[in-house]
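Here's the letter readout for the chains.
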Amino acid sequence: MKPTLRQLGPALGLTAALLAPAAVADLAYVSNEKDNTLSVIDMDSLEVVDTLPVGKRPRGILMSKDHTLLYICASDDDTVQVMDLKTRKIIDTLPSGEDPEQFALHPNNRHLYISNEDDAIVTVVDVKTKDVLAQIDVGVEPEGMAVSPDGKWAINTTETSNMLHWIDTETMQLADNTMVDQRPRHVEFTHDGSQAWASSEIGGTVTVVDVASRKILKDLSFKIRGVHPDKIQPVGVKLTKDGQYAFVALGPANHVAVVDAKTFEVLDYILVGGRVWHMDFSADESQLLTTNGVTGDVSVIDVDDLKVIKSIKVGRYPWGVVVVPDPA
Amino acid sequence: MRPMRPGVALIAAVILLTALPVQALEVTVGYIQWQPYQGPVLSTTLTKPEDAGLKGAELGVDDNNSTGRFMQQHYTLDAVVADSRDQAVNELRRMQQAGIDLFVLNVPADLLKQMTEAVGPHALVFNAGAEDDSLRTADCPPNLLHTVPSRAMLTDALAQWLAKRQWNEAFLITGPTDNDKAWVAAFHRAAKRFGVKIVEEKPWTFDADLRRTASAELPRFTQGDDYDVVVVADERGDFGEYVPFNTWLPRPVVGTQGMSPEAWHRSVENWGAGQLQSRFEEKTGRPMISEDYAAWAAVRAIGEGVIRTKQAKATDLRTYLLSDEFQLGGFKGRKLTFRTWNGQLRQPILLVHPRGLVSISPQEGFLHPKTELDTLGYDEPESQCRIAD
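Those protein sequence lines, which keep their order, are chains A and B. If you use the working numbering, the first sequence closes out at 372, no skipped numbers anywhere. If you use the working numbering, the second sequence closes out at 369, no skipped numbers anywhere.
It is worth saying that the hints were derived from the structure and are not from the lab. The structure presented is a predicted model; accordingly, all values stated were derived computationally and were not measured. Don't be surprised by glycine CBs; every beta carbon is placed ideally from N, CA and C. Take the hints with a grain of salt, since some may be wrong.
[What the hints assert, rightly or not] Okay, derived cross-link-like pairs now, SDA-like style, lysine to any residue, Cα gap no bigger than 25 Å in a straight line: (1) K275(A) with E344(B); (2) K100(A) with G336(B); (3) K259(A) with E305(B); (4) K144(B) with G318(A); (5) K78(A) with G254(B); (6) K100(A) with Y300(B); (7) K275(A) with E249(B); (8) K267(A) with D354(B); (9) K78(A) with P267(B); (10) K144(B) with T339(A); (11) K259(A) with Q291(B); (12) K275(A) with Q52(B); (13) K100(A) with Q257(B); (14) K262(A) with F50(B); (15) K259(A) with F306(B); (16) K275(A) with H348(B); (17) K78(A) with G336(B); (18) K262(A) with F306(B); (19) K259(A) with T289(B); (20) K275(A) with T355(B); (21) K267(A) with E344(B); (22) K259(A) with Y300(B); (23) K144(B) with D274(A); (24) K290(B) with D263(A); (25) K267(A) with N250(B); (26) K100(A) with E305(B); (27) K259(A) with F50(B); (28) K144(B) with H272(A); (29) K263(B) with T123(A); (30) K290(B) with I260(A); (31) K267(A) with K350(B); (32) K78(A) with N70(B); (33) K350(B) with D263(A); (34) K290(B) with H272(A); (35) K259(A) with K290(B); (36) K275(A) with G336(B); (37) K100(A) with S247(B).
[As the list claims (entries may be wrong)] What follows is a set of in silico ranges between Cβ atoms, one per label pair, in the way DEER data are often shown: (38) T137(A) with E249(B): 23 to 31 Å; (39) D170(A) with N250(B): 29 to 37 Å; (40) Q77(B) with P151(A): 56 to 64 Å.
Construct the entire structure; sequences and hints are all you get.
And the structure:
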């Protein structure tokens, strides 16, 4: 705990504002799709401490592997913005192809794989040289994007083709396709890289795929009392490092499902805000933040108790969230 | 040499086949559009594009191909916008002779029935143009599926919303055409189901040119005891455009004009719809409308069936599309499926004004034991059709 500066902050006014960028706690960055801003949440106080103007229609956001930069898909500006996390200023833009929505960074910290939703391609950009290394044709409406922990595979999901496209990162070419249910939105590798978990929003399922064989291991489905099955629309997926839990954000069902990541059994459903899409863990994985688009807030889930401990008002239509660990 | 046992021969053949380079599966969809001339109308500035429907089918084929190329499938559209009924029938014959057995037809109900009969039970037909309730209640060829919503679905969507807003008293203005009469009949049914009272019903008979006299004529025409809303039944857009803001009482106008129930509209952006809108606009230079959506959904349903079953036989596709396995992502926030009794595609209905989305039906609170989407249109007990049996 580092309460000193936070307590001083309000009293110091301008000084605090100047000091704020020198992060003293873990901070969560939330992209507000309809406000063209990022909200910055202090993870100790669980309060919004800053709101930053960014490009048009910010959606996917992610952090560089060294935690110094934040990449922001500014979808309607057709660009990826680069924010310096020390100064919280946009310092650069990357060529991204049209309408970037989600992306994933290769473990080499250089190759950024970007879904170009309107063009049915995945663009690979070297973030250092800003060169476009490849543009790979995929199905209709590419969305979810993930790179395996060993850096060998990139998977892209296409929402209207209903496929996982396996991109060999060495050749930057398509190697295989896996059919899943309607409208796959998001894909996430397990930390050991052995499985990929892909959510299908309209199908209402999460498909677990064995990476080595690229065969489907399990189709998970969800059921919440009093919620019509059509409203259960899985989007974001987050897996704990210890391999114990998977959390699945269920969109307009306003719940997050807790899944035993080993047995694939659904353990619980946690009520959060309206239209929950994406999530991120606090650095120590004791908390999980969810973006709730319709209610314009972020729910904080205590991972041990599996309970919501707070809702934090952010901007309009929060989309993505990334927790940046305190560098100290 | 001794002859091989049949089993061995079969295995040999299979090995030979799999060793050959994979042949692409070719799927051709026949699209025929003919809609009769609606007669002269007063409001002539905003007309429907002549390729309404066709462009949706074309985009559906593009979308199918974008997916199909990963599966060694190739889709082609054999499309005709006919000038006459006869030409539509002749083109159908030509397509049949060319071996096509998957059709998307954007034609009126009587011609649709004739053409569906002509292609026979081994072909599969999608109705992308006829809203007639009779095709969903009594007169249901088993090889006909509907992606265009019925009038009952549209008017139910509207009446649910009126009930939800508690705008329970309607002043109904009825147009003179057969289609207008069918719309009025559907609205009567919907009003009764959802508790909307038609306090006055008046046929439009004036023949003056409203462009000069709308403000003078319509207030008097809509004079009456109190009502909550004016409902217009004017499918071809003859006089209805002049009703909003010209009513005797300051009341909103809904129905075929004002706020209307639609299968699709440019104002939808949720659920990824923005992407469908921009794909369509980029291709055609105009917004996507309900006719385009119905044709797009039909071609996509075919694509989804072929992609999942990895074959293109019409009868097998029909079985798959009517099964629990089938689901279509239709950019309306939930999966779309076909009703097994009458082949109607279940779908949410949008309530829109010309530049915005007002609401989406089914409205919350209208419950159904199976799916709330079946509160729109003719539910199984209300329909005599059992096409899946």
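How the hints compare with the structure:
no. : hint                             : in the structure
1   : K275(A) with E344(B)             : holds, 12 Å
2   : K100(A) with G336(B)             : holds, 22 Å
3   : K259(A) with E305(B)             : holds, 20 Å
4   : K144(B) with G318(A)             : holds, 22 Å
5   : K78(A) with G254(B)              : holds, 14 Å
6   : K100(A) with Y300(B)             : violated, 43 Å
7   : K275(A) with E249(B)             : holds, 18 Å
8   : K267(A) with D354(B)             : holds, 21 Å
9   : K78(A) with P267(B)              : holds, 23 Å
10  : K144(B) with T339(A)             : holds, 22 Å
11  : K259(A) with Q291(B)             : holds, 22 Å
12  : K275(A) with Q52(B)              : violated, 34 Å
13  : K100(A) with Q257(B)             : holds, 19 Å
14  : K262(A) with F50(B)              : holds, 23 Å
15  : K259(A) with F306(B)             : holds, 21 Å
16  : K275(A) with H348(B)             : holds, 15 Å
17  : K78(A) with G336(B)              : holds, 17 Å
18  : K262(A) with F306(B)             : holds, 19 Å
19  : K259(A) with T289(B)             : holds, 18 Å
20  : K275(A) with T355(B)             : holds, 16 Å
21  : K267(A) with E344(B)             : holds, 19 Å
22  : K259(A) with Y300(B)             : holds, 23 Å
23  : K144(B) with D274(A)             : holds, 21 Å
24  : K290(B) with D263(A)             : holds, 21 Å
25  : K267(A) with N250(B)             : holds, 24 Å
26  : K100(A) with E305(B)             : violated, 39 Å
27  : K259(A) with F50(B)              : holds, 17 Å
28  : K144(B) with H272(A)             : holds, 20 Å
29  : K263(B) with T123(A)             : holds, 23 Å
30  : K290(B) with I260(A)             : holds, 18 Å
31  : K267(A) with K350(B)             : holds, 15 Å
32  : K78(A) with N70(B)               : violated, 52 Å
33  : K350(B) with D263(A)             : holds, 23 Å
34  : K290(B) with H272(A)             : violated, 31 Å
35  : K259(A) with K290(B)             : holds, 18 Å
36  : K275(A) with G336(B)             : holds, 24 Å
37  : K100(A) with S247(B)             : holds, 19 Å
38  : T137(A) with E249(B): 23 to 31 Å : holds, 25 Å
39  : D170(A) with N250(B): 29 to 37 Å : holds, 35 Å
40  : Q77(B) with P151(A): 56 to 64 Å  : holds, 59 Å
In summary, the structure is inconsistent with hints 6, 12, 26, 32 and 34 from the numbered list given earlier, while agreeing with the others.
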